[in-house]
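A.B. asks: Now for the letters of each chain:
Protein chains: 4
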Amino acid sequence: MIEECSGYYWFRELSSGGVDLAHLCRSILFSGRTQYQRVDIVDSPLHGKVLFLDKVLQSAEKDEFIYHEVLVHPALFSAAKPRSVLIIGGGEGATLREVLRHPGVERVVMVEIDGQLIHIAQQFLPEWHQGAFEDPRLELVFADGRRYLETTDQRFDVIILDLSDPFQDSPAALLYTTEFYEIVRSRLRPGGACAVQAESISPQQCAVHARIYNTLAASFPVVKTCPYMLHSFHRPDAHLLASLDAGWSAERIARRAEASSLPLRYLSPAVMRRLFAVPPYLEEAYALHRRPLTDADHHIAIDEIL
Amino acid sequence: MIEECSGYYWFRELSSGGVDLAHLCRSILFSGRTQYQRVDIVDSPLHGKVLFLDKVLQSAEKDEFIYHEVLVHPALFSAAKPRSVLIIGGGEGATLREVLRHPGVERVVMVEIDGQLIHIAQQFLPEWHQGAFEDPRLELVFADGRRYLETTDQRFDVIILDLSDPFQDSPAALLYTTEFYEIVRSRLRPGGACAVQAESISPQQCAVHARIYNTLAASFPVVKTCPYMLHSFHRPDAHLLASLDAGWSAERIARRAEASSLPLRYLSPAVMRRLFAVPPYLEEAYALHRRPLTDADHHIAIDEIL
Amino acid sequence: MIEECSGYYWFRELSSGGVDLAHLCRSILFSGRTQYQRVDIVDSPLHGKVLFLDKVLQSAEKDEFIYHEVLVHPALFSAAKPRSVLIIGGGEGATLREVLRHPGVERVVMVEIDGQLIHIAQQFLPEWHQGAFEDPRLELVFADGRRYLETTDQRFDVIILDLSDPFQDSPAALLYTTEFYEIVRSRLRPGGACAVQAESISPQQCAVHARIYNTLAASFPVVKTCPYMLHSFHRPDAHLLASLDAGWSAERIARRAEASSLPLRYLSPAVMRRLFAVPPYLEEAYALHRRPLTDADHHIAIDEIL
Amino acid sequence: MIEECSGYYWFRELSSGGVDLAHLCRSILFSGRTQYQRVDIVDSPLHGKVLFLDKVLQSAEKDEFIYHEVLVHPALFSAAKPRSVLIIGGGEGATLREVLRHPGVERVVMVEIDGQLIHIAQQFLPEWHQGAFEDPRLELVFADGRRYLETTDQRFDVIILDLSDPFQDSPAALLYTTEFYEIVRSRLRPGGACAVQAESISPQQCAVHARIYNTLAASFPVVKTCPYMLHSFHRPDAHLLASLDAGWSAERIARRAEASSLPLRYLSPAVMRRLFAVPPYLEEAYALHRRPLTDADHHIAIDEIL
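Chains as they are written, first to last, in the UniProt record's numbering: chain U, 1 to 306; chain P, 1 to 306; chain L, 1 to 306; chain D, 1 to 306.
Just so you know, not all the hints are guaranteed correct.
As the list claims (entries may be wrong) - When the alpha-carbon atoms are kept at most 25 Å apart in a straight line, the in silico DSS-like pairs for lysine-lysine are as follows:
| hint | chain 1 | residue 1 | chain 2 | residue 2 |
| --- | --- | --- | --- | --- |
| 1 | P | K62 | P | K49 |
| 2 | D | K62 | D | K49 |
| 3 | U | K55 | D | K49 |
| 4 | L | K55 | P | K49 |
| 5 | U | K49 | U | K62 |
| 6 | U | K49 | D | K55 |
| 7 | L | K49 | L | K62 |
| 8 | P | K55 | L | K62 |
| 9 | P | K55 | L | K55 |
Unchecked claim - Here are a few chain L residues that sit away from chain P, every Cβ distance over 12 Å (derived from the structure):
| hint | residue |
| --- | --- |
| 10 | A22 |
| 11 | R83 |
| 12 | E251 |
| 13 | L262 |
| 14 | P269 |
Said to hold, decoys possible - Derived list of chain D stretches under chain L, where covered just means 3 residues or more per stretch with a C-beta under 8 Å from a C-beta of chain L:
| hint | stretch |
| --- | --- |
| 15 | 12–25 |
| 16 | 141–147 |
| 17 | 202–209 |
| 18 | 223–236 |
| 19 | 278–284 |
Please keep in mind that the hints were generated in silico from the structure rather than gathered at the bench.
Just so it is clear, CB atoms sit at the ideal spot from N, CA and C, and this is done for glycine as well.
For reference, chain U alone in the conformation it holds in the complex:
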């Protein structure tokens, strides 16, 4: 008589534009506020362990590997022999984990603004970092990523921008602008590459992605779209890959992936070879939403992203 499959606690995601989405929680593993954001980690029957920042799902145990493999490996295979890598953001440690799987990498600088988040991740998200924070190749810096890049004179083979959404009030917003990408470019070694988390590419919601694409394309000779879809993100997304190597080709990086023999769960060489095809509707969006994001013009309303 009483409903069988009964739910108790529901975590309602911040959303807008017409969908209301709540996740059943088998248990709440962590819930608290750092200096920068609200952090919730729950156990979901569907997605496994899930991390939310300010009510937005960031990463889920069961499909985070797709997100992180597509963010990291195309960039690392784009640089011929990447030795030094800069990660901005990525507090869960999974981007770092994937970078460290490349044996040629000698040094990784990870700049995360929210030191408490890393502390929480170290304790509650071992499935993500898998010990990566202990790797001697890591230099962990607690700082604003843009300020770090503005003031360092180091150069990197690969820079990975694993950032949260560019809401106007977010510290991340100024890491999606023309001015920032110019700084990124100036801190890359010749032939270097940059990977960017770049939001939704659905026909419903792809204008912000298109603007990030065009903003990057003004600074880099090669920009490639890396579509992926996570059940936990409940929409199609894409990362963007920007390269300083004018001779970049999907075939070349797929061959490097083959040679590396890295056993990836999503991005096999065959999948990587075919990753970058852009459907016509998205090409149209690239042609339509050309206005770059700049330090002076980067207002994005919530219903353009969520």
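Given the coordinates of chain U, work out where chains P, L and D should sit on it, guided by the hints.
C.D. replies: Frame of chain U, contents of chains P, L and D only:
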């Protein structure tokens, strides 16, 4: 003081396994029950017009083109010169619309069990059918698809199974079994192809898809996975393409697509060429979930699909 | 397998302070926007027909009689022989219906700011008005209630303020202030009475009610609390009765009710006799929240009411 | 840009018949399963600390005093000089707390089937029990209440049945039947009284209450309705008071309350004097729903109660 972006009516989707999802409705265009199912058509700010059958989202105005292009065109380009096509299901008329874009197609038989649904679609879903129900090449049959195929002696170049989910009690459940696929094969002309709506492929939820894959693979020499991602389905899905042409290749059908010059919005020749790559985690699922669906063993619990 | 008691459309009420409440709709009878407010009328399995204004439930078919009997009859029995009654608000027509049941009433002026709402009520809410709008004793005025009272020189035996919630931006907010109650008092005949819809009296949420009480008590010699409980309002509420008759007693109006033989469904003479007892926790609130609402100071936050 | 008043965890109450109700949780204080039921204790911004059993709200910090005062004191004042009291259920300890406020009470036996629930209450619900479990007059028995009464030969001045809802599968269901009330009567001393939690009395949902009323009335010469409304229960409810004293009157118990000088927050002598008036619609329900609950016929569907 009062919340700005206020919602009024919410359509709560049938779901299970831990996610609760509701769609804001700007208006309700139709809501009623046919002999076979509950039908709701609403206007969503995010997805445009949306069709639900028995509380499950079937199709949304803004991204249905991706679903239907991926279902129809790989199958039609797989058959060398498809002249006759059978569609089972697909009451909205968009599968029919895409089939009819192939000028070589001379005859389409569409078998839909729910005549009232077609009537509703004709009236409320013009964005889907776009007049396709008026095409003189169409023969519309109101019947159970399996019974139709069992009793006809016609043969087709392409058979498209645009069915709802194989819940145990659904009339669709017996159109996903070994016994049925054997009948389908026997009604295809040499070199013919069959396309099947084949559920979720997320790491979270891909066992049913894998069983459909293996069931088809027992009857057809070539089975190919066609992944796609709809914002309105909020998870990655795949169709399956089964071909009787042992020499089938992605390259060949991409060339036929190029030659056809059909202006598709999603499935450009470049995207079609890359469509069929299967990520390793899904290969593993294919190896793991081998038990075929049969007339005697096709029980699928709701939380395996939704 | 699929859940039995499945809901389709849900109307989510505007609420705050920690409760989220949605009503299943069997059907939507009306949904639209007048010049003043959004109006929704739905059919609920629990409450019958339900009227919402701006997402706030105003009245439900199955228990509106309790609200309206408690609002109207204590006031009419408080005036010795009420002949003229003024209603401000009450667009559904049920307050009018109850007033007209008193055969001694010769004239009712009903002032409603939203003429379109009355039009909608006439068409969709016959269970409420039951033809009352056709009564020859009625004068219907479409105007702001405060402006009407400020400019008329008529006097009434009873004035009934059947208003929506005093949110700051609502046109109703200025009909809960000291200045307004002074006008009301000046338009009452000697011994006259005034009834006021006066919000929640739960221990959780009674500060606004207490301020309305104290505001009225500054203008009237007698103010009495009329608690009532509607399932559809999902909390305990009270109307307030203000009388110019310093000799007012519950016993006297209960006797008048007995003499009238009006067959009420909720407010029998026995219930009326016991209506006005105030529990100590509410007396404490009256002592605590003494700040009157005034034209200059009537800001009420949404979470003080909803 | 991001919504200000953001909610994180929501506890969705078990409900039926058309309302969906979720409570925002500031924090989850306890969540677990005893041998008998699921127990959740959360901190709600609206209701304070809240206890749920099997997803049904049982008691909230901010208004539990109304429930417990109305359950306990009319019964204790009905017995002339109550010395021995039996409580069945009431695991939170607040019924016990109220009983113990009567200085003449020498002995209280509390029979609760779920010993783990009492353990949880002792630790997490001090606002309810306020140390009552330490009182030397208490005998705590962990047993099924019906079996206890069937096998004891003790007699009590007052028996309080503070039970959860009589769902068919609940252990409480057999404590609402004719057979059980006969046992209760036989264990009361002459002039004794019994108090029963007796569900909703709204016009929407009062049939079960009416059946409990009529079942009690078959065993007791006096049965009185004690209406109350809790914001946290979001509907009007009533307890029932059954007395063996044929000379029972509201006036007499109100005088005893006055004499006692117990400082109650809800049930002042004035409120008690007026507590028992039954509105005509409920009288009608008593006349209509006469079928008693018996051991053989006590099936109650969930949508008759929730």
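A.B. asks: Evaluate each hint against the coordinates.
C.D. replies: To see whether the hints hold, each was checked on the structure:
no., hint, result
1, K62(P) / K49(P), "8 Å, holds"
2, K62(D) / K49(D), "8 Å, holds"
3, K55(U) / K49(D), "23 Å, holds"
4, K55(L) / K49(P), "23 Å, holds"
5, K49(U) / K62(U), "8 Å, holds"
6, K49(U) / K55(D), "24 Å, holds"
7, K49(L) / K62(L), "8 Å, holds"
8, K55(P) / K62(L), "28 Å, violated"
9, K55(P) / K55(L), "24 Å, holds"
10, A22, "7 Å, violated"
11, R83, "40 Å, holds"
12, E251, "43 Å, holds"
13, L262, "38 Å, holds"
14, P269, "41 Å, holds"
15, 12–25, "holds (count 9)"
16, 141–147, "violated (count 0)"
17, 202–209, "holds (count 4)"
18, 223–236, "holds (count 8)"
19, 278–284, "holds (count 4)"
In summary, the structure is inconsistent with hints 8, 10, 16 from the numbered list given earlier, while agreeing with the others.
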